[in-house]
Amino acid sequence: MTIEAGTYGSEAGKEGGRFLLFVTLGGCAAAVNWLSRFPLEHFMPFSAAVVVAYLAGMAIAFTLFSRYVFPHSPRPLVEQAKFFALVNLAGITQVWLISMGLAHHLFPALGFSGPFAEPVAHGLAIGAPTVSSYFGHKFLTFKGA
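Each residue of the sequence shown is one higher than the one before, starting from 1 at the first, in the UniProt record's numbering.
No lab work stands behind these hints, which were simulated from the structure alone.
Honestly, I wouldn't trust all of these hints.
Ranges between beta-carbon positions, derived for each pair [stated by the list, open to error]:
hint, residue 1, residue 2, range
1, Lys82, Cys28, 21 to 27 Å
2, Cys28, Ser132, 29 to 35 Å
3, Glu15, Ala85, 20 to 26 Å
4, Val23, Met44, 27 to 33 Å
5, Arg67, His42, 17 to 23 Å
Using N, Cα and C, we set each Cβ at its ideal position, and we do this for glycine too.
Just need the whole structure built from these sequences, with the hints factored in.
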């Protein structure tokens, strides 16, 4: 079975299909990101676990996006990896700041604390860079695909 973005229809339809595939496969990578944080917290603080978990999700995302969402990029693999890291530097900054802001500031101010505050904060934050990451990867990482 082959899944590839936007092979039929109008250009807008193709782009919409590509974005939907990006979100779907990004959701798989986000699940790896979120779930890997739990065992990591046994060895490191929440703030560090968020970063390491993001890197695990990044590895999955690069593999899926380069193969299925932007499979025809003319960029050499090394260049793709460099730009992928650059785009994700912006993404990890967003995820880390939102995770910390929610878990340590907003949630306590709203009276939400306890064992679910950090997982909820991290889960919400993971979705934040979706649109900026899509366009970053489209126009930088996998330019020309």
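Okay, the hints, checked on the actual structure:
Distance hint for Lys82 and Cys28: a CB-CB separation of about 23 Å, consistent with the stated range 21 to 27 Å. A hinted range of 29 to 35 Å is violated for the C-beta pair Cys28 and Ser132, which are about 19 Å apart. Between Glu15 and Ala85, the C-beta spacing of about 25 Å keeps the proposed range 20 to 26 Å intact. Between Val23 and Met44 the beta carbon distance is about 29 Å. The supplied range of 27 to 33 Å therefore holds.
Here the CB-CB span from Arg67 to His42 is close to 32 Å, at odds with the stated 17 to 23 Å.
Of the numbered hints listed earlier, those contradicted by the structure are 2 and 5.
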